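Student: For the protein sequence lines, the chains are A and B, in the order given.
The first sequence maps to residues -18 to 219 in my numbering.
The second sequence maps to residues 93 to 308 in my numbering.
It is possible that some hints are incorrect.
[Stated by the list, open to error] Under the rule of at most 30 Å between Cα atoms (straight-line distance), these lysine-lysine pairs were calculated in the DSBU-like manner:
1) K289(B) / K252(B)
2) K248(B) / K268(B)
3) K113(A) / K76(A)
4) K252(B) / K113(A)
5) K120(A) / K236(B)
6) K268(B) / K103(B)
7) K247(B) / K204(A)
8) K289(B) / K169(B)
9) K289(B) / K201(A)
10) K103(B) / K113(A)
11) K120(A) / K268(B)
12) K113(A) / K236(B)
13) K300(B) / K100(B)
14) K169(B) / K54(A)
15) K76(A) / K54(A)
16) K169(B) / K76(A)
17) K100(B) / K248(B)
18) K54(A) / K120(A)
Just so you know, these hints were derived from the structure itself, not from any lab.
Given the structure is predicted, the values throughout are model-derived calculations rather than measurements.
Spelled out, the chains give:
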Amino acid sequence: MINKIAASVAEALAGVQDGATVLIGGFGTAGIPNELIDGLIEQGARDLTIVNNNAGNGETGLAALLQAGRVRKIICSFPRQADSQVFDGLYRSGKIELELVPQGNLAERIRAAGAGVGAFFTPTGFGTDLAKNSDGSLKETREINGRPYVLEYPIHGDVALIKAERGDRWGNLVYRKAARNFGPIMATAARHTVATVHEVVELGALDPEVIVTPGIHVRKIVKIDRVATQAGGFKKID
Amino acid sequence: MVIMSYQKRSKEALAQRVAQDIHDGAYVNLGIGQPTLVANHIPAGREVILQSENGILGMGPAPAPEDEDFDLINAGKQPVTLLPGGAYFHHADSFGMMRGGHLDICVLGAFQVSATGDLANWSTGEPGSIPAVGGAMDLAIGAKQTWVMMDLLTKKGESKVVAQCSYPLTGIGCVKRIYTDLATLACTPQGLQLIDKVDGLDHAELEKLVGLPIQH
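Chain A extracted, bound-state conformation (with noise of 0.2 Å):
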């Protein structure tokens, strides 16, 4: 039998290893998984390449994390914002190394891993200092059809760290209003994809036409009840 419900988040995270590239989901207050990096904290992991598209704000979840000295690249669009102190001290004293992506090319190299996609050409960034490797060198380019792109590759994760509304034990998942974003891409583009959802449901609760992401993409999920907190972001619904 198919069983991905995890009984907790350490079981769900156990296999996390040391250098693991992470793909966490969430955009500003929506679809952070904050129960999973809490719990990635506690796993002890480290030397951990996390894909965001922040790098933490405040002091706790991802910005814990890096605060914990476990991360030691980030690949993200946009670090800097008014509560990223975390990220900035770190990155200011060199203590972690940056790829700065726009936000729509971080998306689909995500999406590109979980599709099997090898690379693809991209408008996005063409004759910019985002269409640079990390050693200044220039991204391969080309013109097509009169127009130029620029050649970027997927991203992978070992691991992808989401935040679902529900989901069944085939690991089915439906989100939420915009804690969508990043989800569902980021559990195709990892091998091992642990989910959080509000409400655990039988298999054929979730109607087949609006599940967003197929159980195939899912390794575990964890049940986390639902609380109002600031990074849950949403209201109690009765």
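Since the structure of chain A is already known, use the hints to place chain B on it.
Tutor: Frame of chain A, contents of chain B only:
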């Protein structure tokens, strides 16, 4: 102190000026900051569908206090609402919507725009600053038309419309129109063209402020 014979457009008046040019049925992305004001000035009778980069089409106004849902926020991370008929989708679909040329208009702020439509709006390139780009580069090149909305001059009085951007580029030749507090300009491969200007500002004076020729 120079006495000016013209009045600058206020931020609200500028938003109203941009909104005037958004056609009925348009799919539009409004960038963070000043461009979000445009949503408040869409003329009555026009149905305009707003996109938000984090996976929303049919975005509505801010909710009443206490009605915020932090699973429903805009690109600036502020709570918003969804209009009946609106839809949610994931990030790759959202940016595919931009890159694929499905949005009619995108309105962005800028540090500098060149006469031929190069855009600089993500970094001032200051040494030691922490870079952040977000969706700026995708938005700049994705929509059918990219419009910039900004003050024409910096606080020091230098033109933000330039022959060549000195700040790091966001995109090349991507801006079609520049809406400013003093004039509206079109960017073309041949340079700037005048669309309109505030009353009392004569053409020669405008060209002097910009420091570039502007075709009538």
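Student: Next step is simple, just say for each hint if it's right about the structure.
Tutor: Comparing the hints with the structure gives:
no. : hint              : in the structure
1   : K289(B) / K252(B) : 16 Å, holds
2   : K248(B) / K268(B) : 26 Å, holds
3   : K113(A) / K76(A)  : 22 Å, holds
4   : K252(B) / K113(A) : 26 Å, holds
5   : K120(A) / K236(B) : 26 Å, holds
6   : K268(B) / K103(B) : 20 Å, holds
7   : K247(B) / K204(A) : 53 Å, violated
8   : K289(B) / K169(B) : 34 Å, violated
9   : K289(B) / K201(A) : 60 Å, violated
10  : K103(B) / K113(A) : 37 Å, violated
11  : K120(A) / K268(B) : 27 Å, holds
12  : K113(A) / K236(B) : 26 Å, holds
13  : K300(B) / K100(B) : 16 Å, holds
14  : K169(B) / K54(A)  : 25 Å, holds
15  : K76(A) / K54(A)   : 9 Å, holds
16  : K169(B) / K76(A)  : 28 Å, holds
17  : K100(B) / K248(B) : 16 Å, holds
18  : K54(A) / K120(A)  : 20 Å, holds
Going through the hint list in order, the structure does not satisfy hints 7, 8, 9 and 10.
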